[in-house]
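Visitor: Protein chains in written order, with this note's numbering: chain F, 1 to 81; chain X, 1 to 146.
None of these hints come from the bench; they were simulated from the model. The beta carbon of each residue, even a glycine, is placed where N, CA and C say it ideally should be. Keep in mind that the hints are not guaranteed to be accurate.
Said to hold, decoys possible - Across the chosen pairs, the derived CB separations fall in these ranges:
(1) VAL50/F - ILE21/X: 35 to 43 Å
(2) TYR34/X - LEU47/F: 37 to 45 Å
(3) ILE8/F - PHE119/X: 16 to 24 Å
(4) HIS31/X - TRP3/F: 28 to 36 Å
To be verified - Some chain F residues close to chain X (C-beta under 7 Å, calculated; not the full set):
(5) PHE42
(6) LEU43
(7) VAL50
(8) ASP51
(9) GLY62
(10) ALA71
(11) HIS74
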Amino acid sequence: MIWQIELIIYILLVASAVLALRVKDLLASVVVLSVYSFGSAFLFAVLGAVDVGFTEAVVGAGITGVLFLAALYHTTRKSKD
Amino acid sequence: MVQKSNSIIVALVSRFMVPFIQLFAMYVIAHGHYSPGGGFQGGALLGASILLLRLTVGEQPSNLVFHTRYGTQMSGFGVFIYAAVGVAAMIGGGLYLDYANLPIAGIEPAKLRSLGILFVEIGVGIGVMATMIAIFDDLARGHFHD
Chain F
1 MIWQIELIIY
11 ILLVASAVLA
21 LRVKDLLASV
31 VVLSVYSFGS
41 AFLFAVLGAV
51 DVGFTEAVVG
61 AGITGVLFLA
71 ALYHTTRKSK
81 D
Chain X
1 MVQKSNSIIV
11 ALVSRFMVPF
21 IQLFAMYVIA
31 HGHYSPGGGF
41 QGGALLGASI
51 LLLRLTVGEQ
61 PSNLVFHTRY
71 GTQMSGFGVF
81 IYAAVGVAAM
91 IGGGLYLDYA
101 NLPIAGIEPA
111 KLRSLGILFV
121 EIGVGIGVMA
131 TMIAIFDDLA
141 RGHFHD
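Only chain X is shown next, with the shape it has when bound in the complex (with noise of 0.2 Å):
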């Protein structure tokens, strides 16, 4: 395993810098559809965060913040996510991600359509968070594990 900094000033100054690079993660995720970015680069960024704990306050504390064994099931969560979505818009008549027929009720399409494609970019930012994080973990331990 990696072993952690002995630097105080890296571990504080780490642990002070990480809920603001989730916080910015959240935001480019939420504004994926309006502006740069969307899921894939705030999933990378919600992954980032948790290496730099990995990185420096060493395995233990970091996994209270998210454990080594969820890698690979969220990974597939956020998988689960983006079919769920599509299916979800070919119960409700349409064709696969076609946001406009999502079976929610009272909204009109041009909203839907922002609503659905928010839900798509959770579910990758999900899946690609865990699945960084998965493939450090692989990799610093050296041997797969789940």
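Just chain F, with the same shape it has in the complex (with noise of 0.2 Å):
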């Protein structure tokens, strides 16, 4: 294994983590965290672990942005109160 490429997916998995915290629209939040789950999968294929990196790719960065989208969908932008 390659200890740069291990380099930049760890840089990217933090500030992708950070990013999705910080960042205010509920969107861009969501897709910074399917972006998380993506380099998170690139991990888990490097280390050798393809299966797993497979379900990540598809569960993680597809399936889950999917589903806070369509709960995205009842939320509003600002707030009542």
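Make the complex out of the two chains shown on their own, each in a separate frame, by following the hints.
Guide: The following block contains the structure:
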């Protein structure tokens, strides 16, 4: 395994995790969270767990983003009170 | 309900992509016992392809592919296939999910194990796909239905 690739993936993971917490818009937060899941799928694939990486790419980056989107449709941008 | 996209490019590209996603999902399910992948990943891919249609072309056209009311039934059907293969092995004289004892005549036990795990993966795939779609439909409507 190549440590440069791992370092890049770790930096991407930490940056996207912090960004998903910091960003104001919830839709952008969901998208950044999908980027985090995709980065962790890369990390699993680099570490040799191809099956876990596949599951993470399908479920983490695909399905949970869609489910978060479906939940976001029931929220409003401004709070009532 | 989630409103559909207004962009014709998004609608056309996703409609073009969906058959290829489903074909890859079939490959993942059918090759689950040789290579990475299997019933869960293939079923999640199948569910994701239907969710892509739900998000881009709207609920009515995507109901032609997988109707909203079939979500819960199909997930139960997938679990039924899984359990039926296990019970069929018990009827054949073995333990639960002991594929070598499946009551199919004329196949040697090694081939029978490969065939049995394929049936189980198909059941898991159907169950996971329908559960993903059912969760999304309930979330998008905001109340339970079936």
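Visitor: Work down the list of hints and note, for each, if the structure agrees.
Guide: Okay, the hints, checked on the actual structure:
Restraint check, VAL50/F to ILE21/X: a C-beta distance of roughly 19 Å breaks the suggested window 35 to 43 Å. In this structure the hint that TYR34/X and LEU47/F lie 37 to 45 Å apart at CB is violated, the actual value being about 22 Å. For ILE8/F and PHE119/X, the hinted distance range of 16 to 24 Å is not satisfied, since their beta carbons lie about 42 Å from each other. Evaluation of the 28 to 36 Å hint for HIS31/X and TRP3/F yields a pass: the beta carbon distance comes to about 32 Å.
At its closest, the beta carbon of PHE42/F sits 15 Å from a beta carbon of chain X; the interface hint therefore is violated under the 7 Å criterion. Interface restraint check: LEU43/F against chain X, minimum CB-CB distance 16 Å, threshold 7 Å, status violated. A distance limit of 7 Å between C-beta atoms decides the matter here; for VAL50/F the minimum to chain X is near 4 Å, and the interface restraint holds. Evaluation of the ASP51/F hint against chain X yields a held restraint, the C-beta minimum of about 4 Å falling below 7 Å.
Look at GLY62/F: its Cβ gets to within about 5 Å of chain X, closer than 7 Å, so that hint holds up. A distance limit of 7 Å between C-beta atoms decides the matter here; for ALA71/F the minimum to chain X is near 6 Å, and the interface restraint holds. Of the supplied interface hints, the one on HIS74/F holds, with its beta-carbon coming within about 6 Å of a beta-carbon of chain X, less than 7 Å.
The structure shown violates the earlier hints numbered 1, 2, 3, 5 and 6.
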